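Student: Listed here are the chains, written in short residue letters.
Number of protein chains: 2
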Amino acid sequence: MGSNNDIADLAERVKAGERRALARTITLVESRRADHRARASELLKALAGTGREALRIGLSGPPGAGKSTFIEAFGTMLADQGQKVGVLAVDPSSVRSGGAILGDKTRMPRLARHPNAFIRPSPSQTELGGVARHSREVVALMEAAGFDVVLIETVGVGQSETVVAGMCDIFALLLAPAGGDELQGVKRGIMEMADLILVNKADGDLKPVAARTAADYAGALKLMRKRPEDPPGFPKTLLVSAQAGTGLAEAWSEIRALAEWRRSASHWRARRVAQMRHWFEEEVRQGLLARLHEDEMQTRMKRMAEAVVRGDTTPVAAAEAVLKQQENDG
Amino acid sequence: MGSNNDIADLAERVKAGERRALARTITLVESRRADHRARASELLKALAGTGREALRIGLSGPPGAGKSTFIEAFGTMLADQGQKVGVLAVDPSSVRSGGAILGDKTRMPRLARHPNAFIRPSPSQTELGGVARHSREVVALMEAAGFDVVLIETVGVGQSETVVAGMCDIFALLLAPAGGDELQGVKRGIMEMADLILVNKADGDLKPVAARTAADYAGALKLMRKRPEDPPGFPKTLLVSAQAGTGLAEAWSEIRALAEWRRSASHWRARRVAQMRHWFEEEVRQGLLARLHEDEMQTRMKRMAEAVVRGDTTPVAAAEAVLKQQENDG
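First to last, the protein sequences are chains A and B. Per numbering that gives the first Met the number 0, residue 0 is the first one in the first sequence, and the count goes up by one each step. Per numbering that gives the first Met the number 0, residue 0 is the first one in the second sequence, and the count goes up by one each step.
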């Protein structure tokens, strides 16, 4: 691979929905090699302008809420209806923590085998900026490949919910039933981003607890500031059971209704535009920081760090000197 | 103000320990104005090389652990002994949350009035990078001003513990007594940074609970990886009561013993050197990002963002173009 022809060919195959081509472009997009990055950028350019838009659904929730089971059940339901479903995770901690997100395919065995579904393998980066960058590109690839629904999952480590909310059309929070009125320590900032709160495990003995939890959250949502992008009744709380398969069709119907309303009221487009701007600005930011890793910069920084340690200069003055040199190079 | 003479004069007055001069330099250091930043950098240079080193103690703990009361009691004890004590907070959320850190002086009324103490007013920034940057500089100013002990507090929002651990010699965790064996949700990463765990409120009815909590943490600490910078017995768990004033002298004696050991074993110097390097690198990083705010860059970014939104280019390609232009300017 390498020539423009190859890129055009790969782009055509992605547009035709070829799974192997999609997998290959994702590998390219996630690579740290400069030549791979350059080709990924070319590919994204070749794939722009298809006009295809998936419904991007962000899903967050604490460990134990049942996110894997939910995505398995919900995604399979959609795929069975003939929808093309893409799944990816934004979780910078996955490599370190080992557990939660690694091995997506074994977490969702039915969905992983479904001909209408595509589960992106776990990203190998541990730094949120890098994970966010590649995730945005993977979402764009999935849209160009004609996916109807893209599910973007996060376990909610640090800022990752904000990152996911910044790349989805609809943001859902999945929670487990919980006793007490403590609202499970869900941060207010996360609640404020949610369009839907899904209380999972609403089956068997847990059903009454789930109903109480849902009522608590519905009450809390009522106290929050009304957002212009919400039709009456939203944000909404629903009971689901990923295990029993109940409430999933209702959740889907609510998501579609919300999406339709936002589309007709132009909120959809406004949000997409804001996300594009944000993506662009983030790319510039990351590009500026990438200069840190240029050879000349590294050499200078090493020398200046020694001067700082010897006490010949201060960290602030040394940084100013290095930055001035870097600028004069350009 | 403005000339080199003024800076030399201000630096001399800071070195002489003049409170008003210190307050003025802190205001300068925290300003966002470019001319203030330039003078702050000159000042830091003029103040380098005094050879003065404070004992920098980081203190973190969840809301409700009693951090203010502890610093009030602990700081006053040290100040009464004739030590010069500086206090500052690293809390990027303070402005938004309004409560916890704002109004430091009213939180610690006794210490604030003590002639040997200096409490830095709350930083006005909300972004962790900015707060960290200025806090490092304030610590350097306090050292140059001859402070013996600098207490750096954080409520532990997001990454702020890591930032504080990156600018202190000794890191202590303050906790409230708690029932159950749940270890109060203190993240493992935070535990791993702690040199001392202080279980506060070990008085009255809470005393037995505090003792159990301390035992639980002592057990948890034993299971952690041994660090080369720890003498036998460290990290250590202690019972204190900021309210009753008990355990504070013991805590101070343990801190001093640990500091002595680290000094003699060269760990102290190694840590300071690593922190200086890190500070320098952070300054370079922040300086690269500051280019985002240059006028020409802003103009270009605005134009390119429009092109992205119109669909004429992709976020990634637009960012590449902007970065290339910026580099060619230099």
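One or more hints might be untrue.
The list treats identical chains as interchangeable, and a pair is accepted whether it falls inside one copy or across any two copies.
[To be verified] Taking lysine-lysine and the PhoX-like style, the derived pairs with C-alpha atoms no more than 25 Å apart in a straight line are: (1) K44 x K301; (2) K14 x K186; (3) K323 x K44; (4) K44 x K186; (5) K225 x K323; (6) K221 x K14; (7) K225 x K301; (8) K301 x K221; (9) K206 x K323.
Simulated from the structure, these hints should not be mistaken for laboratory data. No experiment lies behind these values; they were computed from the predicted model shown.
Student: Is the C-alpha distance from K44 to K186 at most 25 Å within one copy, between copies, in both cases, or in neither?
Tutor: neither (38 Å within a copy, 42 Å between copies)
Student: Pop the pair K225 and K301 into one bin, within, between, both or neither, using alpha-carbon distances up to 25 Å.
Tutor: Neither: 52 Å inside a chain and 30 Å across chains, both beyond 25 Å.
Student: Is it within a copy, between copies, both, or neither that the alpha carbon of K301 lies no farther than 25 Å from that of K221?
Tutor: neither (55 Å within a copy, 38 Å between copies)
Student: Can you tell me if K14 and K186 fall within 25 Å by alpha carbon in one copy, between copies, both or neither?
Tutor: For K14 and K186, the Cα distance exceeds 25 Å both inside one copy (40 Å) and across copies (44 Å).
Student: Between K206 and K323, at a C-alpha cutoff of 25 Å, which is it: within one copy, between copies, both, or neither?
Tutor: neither (64 Å within a copy, 58 Å between copies)
Student: With 25 Å as the alpha-carbon cut-off, assign the pair K225 and K323 to within, between, both or neither.
Tutor: This pair counts as neither: shortest intra-copy Cα distance 48 Å, inter-copy 42 Å.
Student: From the Cα coordinates, with 25 Å as the cut-off, is the pair K44 and K301 best called within, between, both, or neither?
Tutor: Intra 37 Å, inter 20 Å, cutoff 25 Å: inter-copy only.
Student: Please sort K323 with K44 into within, between, both or neither, judging by C-alpha distance up to 25 Å.
Tutor: Result: close only across copies, 17 Å inter versus 34 Å intra.
Student: Could you figure out if K221 and K14 sit no more than 25 Å apart (CA to CA) within one copy, between two copies, both or neither?
Tutor: neither (43 Å within a copy, 56 Å between copies)
When the structure is compared with the earlier hints, violations turn up for hints 2, 4, 5, 6, 7, 8 and 9 and for no others.
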